[in-house]
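Here the structure of chain A is known, so what remains is to put chain B in place on it, guided by the hints.
Listed here are the chains, written in short residue letters.
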Amino acid sequence: MQNLELKDFSSVTPEQISLPATAGPIDRGLAEVTEHSSPLPSHVRKKGIISTNLLKWIAKRTLSSILGLFVISMLVFVATQALPSDPARVILGPEASEEATQILRHQLGLDQSLVTQYLHWIKPALVGDFGISIDSKMPVVNLIAGKVKNTLILLGLTLLVLIPAAFTIGIYLALHKDALLDRLAISFLIFVKAVPSFAIAYGLVMLLSTLVFNIFPAVSLIQANQSVWSQLQFMVLPMLTLVLSSLPYLVRLIRGSLIEVLQSDFIISAHLRGLSRTQIIWKYAIPNAVIPAIQAIALISSVLLGGALVVEVVFAYPGIGSALNAAVDIRDIPVIQAVVVFLASGVMVINLLADVVTVLLTPKLRTA
Amino acid sequence: MLNQLHVQPQASLALEVKNLDVSLNDGTAIVSDISFTVLAGQILALVGESGSGKTTIATALLAHTRHGARIVHGEVNVAGLNVLRLDQEALRQVRGKQVSYVPQNPSTALNPLITIRSHLADVLRSHEPGLDVAQQQASIVNALKEVELPHEDAFLHRYPHQLSGGQQQRVLLALSFITRPSVIVLDEPTTALDVTTQAKVLLTVKKLCQHYGVAAVYVSHDLAVVKKIADHVIVLYGGRIAEKASATALFSRPLHPYSQGLINAIPDIHLHTIPVPIIGNAPSLQSRGAGCVFEPRCKRAKLECKTSMPALEPLSAREDHAVACINLPAHAPQLKIIRSTGPASSRVLVLGSQQPLLEVKHLSASFDGKQVLKDISFHLKKGECLALVGESGSGKTTISRAIAGLNAQALGSLYFNGQALALAARGRSAAFSHQIQYIFQNPYQSLNPRQTVRQTLLNTVRHYFPSKLKDSHEVVAAALKRVALDPRIADSFPKELSGGELQRVSIARALVCEPSLLICDEITSALDVSVQAAILELIKSLQRNGLAIIFVTHNLGIVRSISDRVLVLKHGRIVESGEVDTLLDQPRQPYTKELINDSPSIVDI
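For the protein sequence lines, the chains are A and B, in the order given. So the first sequence is numbered by numbering that gives the first Met the number 0: it starts at 0 and just counts up by one. So the second sequence is numbered by numbering that gives the first Met the number 0: it starts at 0 and just counts up by one.
One or more of the hints may lead you astray.
[To be verified] Incomplete in silico selection of chain B near chain A, CB under 7 Å:
1. Arg91
2. Gly95
3. Lys96
4. Tyr100
5. His160
No lab work stands behind these hints: they were computed from the structure. This one's a predicted model, so the numbers in the text were calculated from it and none came from an experiment. Cβ coordinates follow ideal geometry from the N, Cα and C atoms, glycine included.
For reference, chain A alone in the conformation it holds in the complex (with noise of 0.2 Å):
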């Protein structure tokens, strides 16, 4: 369990990411459809964006996902009562006696078959009660609540400045690939890459908050009971340490897909046919190098979703991370489930976003 979501995201290669051009499963079937059905008489296709294949598409990828989210909390049920723990002896201490622990393990209902014990607590679970948090005896969706917020609001941050950051120097150095800056740039971007989040993550407390400079709090002291708008300096180093150690991965995949889309025929038609190169630019190569980097943001967003635990700790960010880290500790199952649930149904989530719009910007999925 914690390994999985220690996973550090700059050891993630572009390698290994599955993109549109090569294709995931789901885009392919898709593909497929478009190539065999006949082709169309021309007055079958008006301009609408979304087809009813479309639509049908959308709501099959839907139904799969809620389909895999069930069987992901079956196997996390399955997984979490497997540890090698009895949550009725965490309760009650080491010095309880085994007749106590009977009746409370009765009471949880640990005595009962695994099939009646997930029936118990997928039922609840359904309508966003995950029971009670074995250590601190709260509802564990009151305990992870505001830490899933604070999660999402950092995660939302990253996008944010991570997104606009990328475009902007992966297209700046595609348009000029092999020039000095570039050069340096790619050098630099792999230097980054190489240095683990946590470093990064000192090196700009050293910048920007102790040494150099000091603007920004080094630690996020969040106060639980007011906005987190009002407390956006507490957020600006954590951000800016994901926005970091994802950028060079984003940048070179942007790059280097802008740099293929200039080289293809159509753009080299495009030139010889006397288009001026704004136009070459911004709407024949650039929204074609897009869709590429779809999947790599979703990829991003789903490692920075559950993986941002090291600048959690260095920043003493209350995330969810870090919650996960310290019910896995004091096997606070319940919390451990719920926890594990929501990442899953956010990478889920995220997954169907990319694909759908994926399918949304490209014509051929879109037109099927």
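Frame of chain A; chain B shown alone:
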């Protein structure tokens, strides 16, 4: 629309190219000393094989070179402007307006994210910014009408992937003609298209050029297509002009040994001769010597040819026919195109009573719920060559894959030497499967790039005949010798070999399996004409030694020169079948007649 305009009575000079040189950045010449002119309304063809520099010249006419190359010097004059001397903005205004370009591969030459209308509107916005919306719409509709495409809104709002290859190529033509340019450069615009579609697109090009007085430069490797469309022809070899002549003169009296070789290498639907290959391969950029580039492959070469570069000399002051050869015979003989009427002597006689090697009964196949093969039955005898002919989507590759056991969806029965043969390759015993071998279309992709020729061949031998491995050297040498390759290439990797050599290695790989049936799936379509002839010769000799061949092709010229019997396929059905000469000379079905009519030929009928 077209008829309102008439051809200009006195054709004026539309394009003049003088001493054009294009080199790699390191100075290695790609094309040298290219000069020609084209009159308004005329079509000049640039003909050559890969490496001849034809595409380099084509794009240089728009002052464009591929990455890593540059135009060293020369003039390209269009409407009084030297295109090569313009600054960026002036060049942009000339491109697409004065000189337009039709690229080779229609499926990759359009932006997949924008509609057909958007493509056309972008050109208008770039070159005629003054047009209002209504004028723009009128211009777009007119452009589509001219290239014989639908022009309703529904069509305009389609995306490139929603069009067929022929339609995409017509859109590219519309994009080039919409601005009424003085010169249009067409870079192998029909190579990716079916024969019938190609014939129709060529007709449109010719009509438009004549009606609007556009000078066209037509780049092609296909002399038969060129004969159909061009007024003048330039034959390129190794980056230089070998011969320049009117189309009539070139096809009736080709003088350069390369032009003659090229014409003799074309398999032609109306010729009963076996195409004659040109020995050797086109030289790489680096290996061009000081003498004539063609010298290493030339049968007439003298010592002098090695040392001095022949100049392009006109035959006489009156004639528009120039040749770059120092060794022209004083009286160049007219090229004899042998057009026999009887069956060619090369046909293999197959005894009628012999048991068929392969029988196919009621074969059908579906893909994604759509039936692509419907009730196909035929048979094949030992030593016979059967051609499967049809346009893309006709099912010819599906049939051959099913026979090879590569189609999981196929239904029906196969008999090999009278015994039932499983439809899936994995259900066949080794005794069967080594007998049926498949050779793929693209030799650049069908060999493992990380294995040497020797490893490729021995891996195959190991699979079927492990006992032979103790004489592995002899096995490899014998296999290479059988396909006329030097055994010394055994330790080369695929990337070190030319396309023709690679295809020979693929054939050698099939032969070491000791097959009795070879399935050849368009095996020459990725190769140059002169190399293609050599591969056809090889296949023919294998057939004489008793191999049965199934040859899949869309080229009826190849069918005439190599096959004994033909199946014509359309939409997964056999339309017509029969002995090759009968079928090609007296076709009965309208579809077969159409295919034959649309096949380009170098012979006047």
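*asked:* For a quick check of understanding: which of the numbered hints are violated here, in increasing order?
replied: Those not satisfied: there are none.
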